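As you go down the protein sequences, you meet chains A and B in turn. Last residue of the first sequence: 571 (my numbering), numbering continuous. Last residue of the second sequence: 571 (my numbering), numbering continuous.
The hints are simulated quantities; they were obtained by calculation from the structure and are not laboratory data. Fair warning: this is a prediction, and the values are worked out from it, not measured in the lab. Using N, Cα and C, we set each Cβ at its ideal position, and we do this for glycine too. Only true hints are included.
Here chain A is said to cover these stretches of chain B; the calculated rule only asks that three of the stretch's residues, wherever they fall, bring their Cβ under 8 Å from a Cβ of chain A: (1) 212-221; (2) 401-411.
Cβ-Cβ distance ranges computed for the label pairs, FRET-style: (3) A:Ser403 / B:Glu339: 51 to 61 Å; (4) A:Thr130 / B:Gly366: 36 to 46 Å; (5) B:Gln259 / A:Arg228: 29 to 39 Å; (6) A:Gly119 / B:Ser403: 21 to 31 Å; (7) A:Arg340 / B:Pro95: 51 to 61 Å; (8) B:Gln158 / A:Met198: 49 to 59 Å; (9) B:Ser403 / A:Met570: 52 to 62 Å.
DSS-like mimics (lysine-lysine), calculated; alpha carbons at most 30 Å apart, straight line: (10) A:Lys227 / B:Lys227; (11) A:Lys466 / B:Lys89; (12) A:Lys89 / B:Lys466; (13) A:Lys251 / B:Lys92; (14) B:Lys469 / A:Lys133; (15) B:Lys466 / A:Lys227; (16) A:Lys121 / B:Lys363; (17) B:Lys199 / A:Lys292; (18) A:Lys113 / B:Lys363; (19) A:Lys469 / B:Lys121; (20) A:Lys89 / B:Lys251; (21) B:Lys121 / B:Lys92; (22) A:Lys469 / A:Lys258; (23) B:Lys466 / A:Lys121; (24) A:Lys199 / B:Lys292; (25) A:Lys227 / B:Lys251; (26) A:Lys469 / B:Lys113; (27) A:Lys199 / B:Lys251; (28) A:Lys469 / B:Lys133.
There are 2 protein chains.
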Amino acid sequence: MFKDFKLLPGRPVYIQVKDYMKHLILKGALQGGQKLPSTRELGTLLKVSRNSVISAYAGLEDDGFAYTLQGQGSYVAPAAANTGSLESEVWTMDWSQRLSAQAVLADELDIMKRGIRAEKGTISFTSIAPDESLFDLDNVKRAFLDRMAVEGNVLLNYGYARGYKPLIDYLKQYMEHKGVDLRGKEMLITNGFTEGFDLVLSTLGKRSGAVLCENPTHHTAIKNLRLHGFALTGIPMERDGLQLEALEQALAEREYDCAYLVPSYHNPTGIVMSPEKRLGLMKLMAEYKVPVIEDGFNEELRYSGSHVAPLIAAAGSGNGVIYLGSFSKVLFPGLRVGWVLADRQLIDALESVKRARTIHTSTLDQSILYQYLLGGNLEKYLKRARAEYKRKYELTLACCKEHISYTTVSGDGGLHLFVTFAEGFSTRELLAACRERGVIFTAGDIFFTNGEGLNTLRLGFSRVAEAEIRKGIEIIGRTAKEMMG
Amino acid sequence: MFKDFKLLPGRPVYIQVKDYMKHLILKGALQGGQKLPSTRELGTLLKVSRNSVISAYAGLEDDGFAYTLQGQGSYVAPAAANTGSLESEVWTMDWSQRLSAQAVLADELDIMKRGIRAEKGTISFTSIAPDESLFDLDNVKRAFLDRMAVEGNVLLNYGYARGYKPLIDYLKQYMEHKGVDLRGKEMLITNGFTEGFDLVLSTLGKRSGAVLCENPTHHTAIKNLRLHGFALTGIPMERDGLQLEALEQALAEREYDCAYLVPSYHNPTGIVMSPEKRLGLMKLMAEYKVPVIEDGFNEELRYSGSHVAPLIAAAGSGNGVIYLGSFSKVLFPGLRVGWVLADRQLIDALESVKRARTIHTSTLDQSILYQYLLGGNLEKYLKRARAEYKRKYELTLACCKEHISYTTVSGDGGLHLFVTFAEGFSTRELLAACRERGVIFTAGDIFFTNGEGLNTLRLGFSRVAEAEIRKGIEIIGRTAKEMMG
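Put together the whole structure using the sequences plus the hints.
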């Protein structure tokens with residue numbers, strides 16, 4: 087015994103000794119009531135200081151694994167050893183037979199589980215996550231330390247379902263500066279866009295069970311809408327946003343519970359809906375009284391042109407738009423913070439659903455983000471990030487013009503471009519062939535509500551080095567040419 | 087114009103100037119195409135440096151609110167001003183008519199919204215959150231800085247739905263040291279216990295729609311089980327845990343989808359189920375093949391007695407127990423981190439549901455917790471916290487013996503005691519009367535599945551100073567005597 091003890095770095099020795107002894111007790115090598123080696127003895131056996139063993143034994147006692155008899159030494163506690171003593175009648179069940187339909191569907195629609203893994207050295211255009219080398223860690227650290235200094239204890243204890251008040255106040259003003267009329271509106275902080283969207287879909291009553299969206303659109307949104315049992319009606323996109331005629335026709339045909347829309351830097355097409363179209367759209371939604379879930383995704387990644395106000399701003403003092411905001415594509419996705427800005431009454435209901443699901447969003451994440459924003463770091467960061475991403479954006483665009491000039495490329499900013507080949511061309515086949523040559527991208531069909539888009543693909547450039555962008559798109563172009571013979 | 091500009095501390099001047107100008111543009115005080123004051127002019131008007139104005143104008147341009155004409159100065163961007171121009175046909179809707187049944191129920195069952203607010207100076211026994219004055223902030227700060235130094239950029243970018251790998255590995259070993267056989271099991275990190283429980287309830291298929299639980303039990307669990315549409319069968323508690331006879335009878339009567347149990351420091355009774363009973367319980371569950379959701383809540387707050395292995399340990403290599411763990415009552419609730427340890431196949435399904443709901447738990451929270459645990463801080467902290475809470479525990483117990491000796495008091499550790507008065511005595515009336523005298527507690531009926539417990543109450547002592555514990559229970563005792571005439 088005591089031969090297989092190995093010390094690991096970065097962890098107090100006495101705890102490693104304690105854990106090791108627990109291990110021996112639990113596997114029955116040391117029986118309840120049995121005397122433990124003296125501290126000196128064990129120290130010699132494990133080649134650790136006697137003090138470490140003394141602390142380890144004290145720890146075993148604290149945890150109820152041992153007890154001391156004055157002057158006689160330490161003994162294994164009786165109950166401690168007898169666990170797992172049900173082995174005789176261990177029972178196992180087949181969980182696959184116990185899963186809910188929702189869980190089965192969630193697994194089916196979970197493309198992350200089936201996504202192609204990029205082997206080392208592969209040039210991958212699949213991600214639209216921010217480039218972490220741009221992160222200004224020092225400002226994040228400072229924000230953390232500043233906030234901890236002000237109210238550390240409070241931040242580490244329970245917070246409020248609604249969110250961290252200073253952050254809410256900051257973000258409300260932030261939205262006001264996008265032209266939003268805050269009258270009658272409130273805000274809920276969520277664990278990023280995804281939780282916000284899930285909460286809204288859970289809170290909206292199903293009437294018609296039908297939802298309008300752009301086609302193509304954000305594939306995670308498609309997944310979550312389906313998980314909530316909604317039927318999707320996709321409205322085709324054109325250069326300046328969804329086709330209003332098609333939208334009006336769809337609205338005239340039947341009822342909808344809501345519309346999910348991404349008016350700025352639309353995922354996957356990267357299109358920014360024109361101000362005129364936004365007004366036209368809002369007129370239609372008002373006419374048919376269909377509430378809008380607006381995905382504010384990427385709004386900050388404008389590289390040129392005038393500020394375009396979000397739909398919730400165009401709605402003025404109306405309460406028909408639910409705005410979902412997040413900095414995940416702009417700042418730090420690791421901080422799971424997003425927000426819902428909507429009618430006060432709706433937010434009140436969302437708060438209760440949120441409380442039942444996750445109690446509240448990490449106060450630490452919220453307070454770090456707040457301090458970071460307050461200090462004006464977002465502006466500084468965006469200046470750098472925009473310059474960086476804009477260069478990559480223009481390079482990717484140029485490479486597409488050079489190597490796949492015959493395709494239609496869309497994208498007014500953001501972190502990706504959307505490419506459409508001629509009808510009948512298969513981007514899945516292209517992907518398979520390019521993968522052989524060390525280049526991958528996202529085949530576009532997953533963004534479509536109706537199985538279309540087999541001839542489309544999305545190029546995420548945010549995390550690809552410029553040399554790789556050139557090389558990667560050259561390979562895509564060459565491979566496509568070969569396919570077209 | 088420019089008269090109402092006020093500078094606030096803690097935020098860069100140029101951003102405040104930029105925001106102020108945006109405000110003027112958005113409310114139409116500055117029209118699209120209009121020339122902005124020269125930087126010198128505005129600096130004088132707002133009493134800020136010219137450089138601040140220069141940066142502010144650059145910022146307005148970055149945000150698309152202004153443009154510069156070489157040598158002529160800055161102008162308001164055309165699109166920027168025209169927002170909210172839908173006012174003409176603003177449309178509002180009645181959201182109360184659009185809420186899902188689940189949202190309405192969540193609001194109904196949301197006791198946080200209806201909970202009594204404690205006025206300043208009130209002695210409140212309602213909370214069982216940790217005492218934040220015990221938090222070792224310096225170790226948390228160190229953990230954060232150490233982790234950021236190792237992999238800061240990675241921590242701030244997207245993580246994995248399953249959780250932060252080093253934390254998962256650490257917690258698996260942690261569970262192994264509680265006697266758990268990890269074979270065939272996996273772990274999912276969640277946003278605390280609540281998300282874990284919600285995910286499990288969403289993932290378990292509804293067959294009978296019935297769930298077993300202790301009666302009384304954790305009121306949040308009751309809420310969430312009801313929100314998921316489960317019918318509850320409560321099993322009465324006795325001194326050493328739930329009544330096995332009553333359990334067996336219930337099991338014989340009908341089918342159950344699962345049992346939700348809190349074997350250690352049960353909420354609200356504070357009872358620790360005896361090892362013998364745990365084995366008896368597990369035998370029954372195995373016989374009737376009813377999976378168990380084990381709430382590991384407070385397991386660490388043992389003040390005396392031997393280590394008692396969790397149910398999932400008693401299940402050995404079986405896969406019938408789903409263990410939900412969290413340090414929220416022991417360490418920092420503000421860090422929203424919990425874990426689900428269960429059958430590998432089940433965790434795989436839970437992962438997809440989790441990804442669809444919140445993508446992943448804050449990587450920052452997870453990595454800070456990991457570094458904190460690795461460094462052996464939990465052991466040090468628990469030593470202090472246990473000593474502190476044990477003293478309050480014993481004091482509360484003593485005060486109950488002194489002032490309400492005629493009641494039955496339960497609680498083997500943890501952060502609260504449960505008090506049962508004679509049948510017919512109303513703790514709601516007692517609460518109302520005590521409140522008048524500046525003392526509040528939690529009336530026990532909310533913990534019961536069947537409207538019982540009107541003569542019970544829960545005393546949370548973790549955040550009450552010792553002098554207040556004495557004073558508060560003295561007042562409760564006096565008030566109760568008066569009520570009983």
